[in-house]
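Enquirer: Residues per chain, in single letters:
2 protein chains.
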Amino acid sequence: MSEKTTIYDIAKALNITAATVSRALNNNPKISAATKKLVMETAAKMNYKQNRLALALKSGKSNNVGVIVPYIDRNFFSAIIRGIEEELYPLGYHVIICQTHEQESTEIDNINALLNAQVDGILMSVSKLTTQTDHFEYVLEKNVPLVFFDRKKDLKGVSTVTIDDFEGGYRATKHLIDQGCKRIAHLSGDWSLEIYKNRYEGYKKALTDHGIALKKEYVIKTKSDIRAGQKASEKLLMLPEPPDAIFSSSDYVALGAIQQLKKHGIKIPTEFCVVGFSNEPFTKFLELSMTTVDQSPVEMGKMAAKVFLEQVKDSNVKIEKKVVLSPTLKIRMSSVK
Amino acid sequence: MSEKTTIYDIAKALNITAATVSRALNNNPKISAATKKLVMETAAKMNYKQNRLALALKSGKSNNVGVIVPYIDRNFFSAIIRGIEEELYPLGYHVIICQTHEQESTEIDNINALLNAQVDGILMSVSKLTTQTDHFEYVLEKNVPLVFFDRKKDLKGVSTVTIDDFEGGYRATKHLIDQGCKRIAHLSGDWSLEIYKNRYEGYKKALTDHGIALKKEYVIKTKSDIRAGQKASEKLLMLPEPPDAIFSSSDYVALGAIQQLKKHGIKIPTEFCVVGFSNEPFTKFLELSMTTVDQSPVEMGKMAAKVFLEQVKDSNVKIEKKVVLSPTLKIRMSSVK
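Top line first, the protein sequences correspond to chains A and B. Quick note: the first sequence uses full-length UniProt numbering, first residue 1, plus one each step. Quick note: the second sequence uses full-length UniProt numbering, first residue 1, plus one each step.
If you're looking for bench data, these hints aren't it; they were derived computationally from the structure.
Each pair may be met inside one copy or between any two copies, as identical chains are not told apart.
Below are the DSSO-like pairs computed for lysine-lysine, each with C-alpha atoms no more than 27 Å apart in a straight line:
no. : residue 1 : residue 2
1   : Lys-235   : Lys-216
2   : Lys-153   : Lys-30
3   : Lys-156   : Lys-12
4   : Lys-128   : Lys-12
5   : Lys-197   : Lys-330
6   : Lys-262   : Lys-337
7   : Lys-330   : Lys-284
8   : Lys-142   : Lys-37
9   : Lys-197   : Lys-221
10  : Lys-128   : Lys-322
These numbers come from a predicted model, not from an experiment.
Modelling step: build the complete structure from the supplied sequences, incorporating the hints.
Expert: This is the structure we're talking about:
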């Protein structure tokens, strides 16, 4: 870790407690003006990077930034948060996190809670079930910068950082074609979310570009869990002409598919190839490691943070930036014949 | 989901926008007193569960509760947060999450950020690298309820919810003895954290109770990652008399051990048994599913929330409650001969 000066170093130098230093920097009324002055001077001398509270006193800002995600425990989202923190923390910003569990009403509550906590900006990924945009407009009215990452709504004045899902779908499908797969099925999500629609479009385009006809019965929309993957692949195997590969829009669904295929004694990858999407950590841990599309979430988080920083730099200028990142295909055992 | 009245229902009933309803409930100055009155009355009539902001206006509380964990993407912690949310959300509380990345300075910043955001309480698991307690005392001085879960410091006036780690270590080790394992090694963590010390004590007691001598060279302290598990197990295999089982204080370390054992062509579970700790989701997904100790984190979160609620119910009474939950052994393939 960095060897930056901490409040403990200042406390030691002045022979007072760290709590007193913190309170002095925090402008606590219990601390005398003389002590405050002493602490501030020592902090400056020791090249102490003023924390957000001290900064807040100067700037009238809280230096808290709110991040809203559907679930904190999906690696994709926690890695984005890591990226945001890595970018903002050294600048004295502090990240406060809320999760929506994909509920629009919780999303509204989250936004109210964060505005209530006086955040300087909100960086978020829209919940699957969100249909309204009132609550986003409310944030903009309050002049709080709003940045969407991964899942977005099209709103004037809102910057977005997304991944090229079309390209991800295209590359995954092309890889399966290159492996000699002839009958490639696609397990997709709800198309009211652009990301799933775009992955499907990439899949479709790759097939067309390689002269393979799209078969309607090979495309199934499912939830994003293991059980859904088991059920969908069972359905595919019951077809008169079952597929010989699956490109899934979700790693969890792909895992369910692999489990079901094994139950039927189908050998992966020799008889059947599977590719997932998201590069969840477990895909690497599997004995049969899973090919998947990596969305460089840490990079996405860093980029969202940078876009936010540009916006706060000059609050008179409204920036509307659309950043689209490129995905990477992680080729592993589940798809290499 | 529940069919509770939302701000949209109120908006529809009054033929105004949801944003206006939200602002009215939020006491926004842009909204006329007449509209506010109308919204409040309609909300009451429709049995609308007032959101935290409305409640805050009445009580002077923010109805935000802060939760601090080392990492949000460890299933154990995200499941605890789920438990806390499940308990508090229906009561109109909102959960704001911060992560420390095990850094004491970040933990201090987190606490300041949450106090700055006017939270009504802080529920947290102490960072591995925390040595001071000043910042906790600062919270108590501010009369903000503080509850520790899983990892704690002994502080007067602070309630704690922990798991019986001794029992977890004991059960895991006894299970290995019951499987006929004779030379059981233990991969542990840093003993400055009670949880690791207690798991080790449970391991030791189980050996003693079954007449097995503790071998010093069978106990290795490691970091909590896969790489550490690989290295530690390599060391164990190089011993003149290598062990025939490992009980690890971490699932990640146990996974590293399994990978290394396989590299040496050692058959699990017939030649060697492995038991982890935490019941991380990947332990179930492995082709060779892993036996592990489940700490019922959702239950732990619910309990932490309940303890917090007892404390806010009557701020005149100082409650210091120590809740200890019992762990469950999840017996899977990696340890059943």
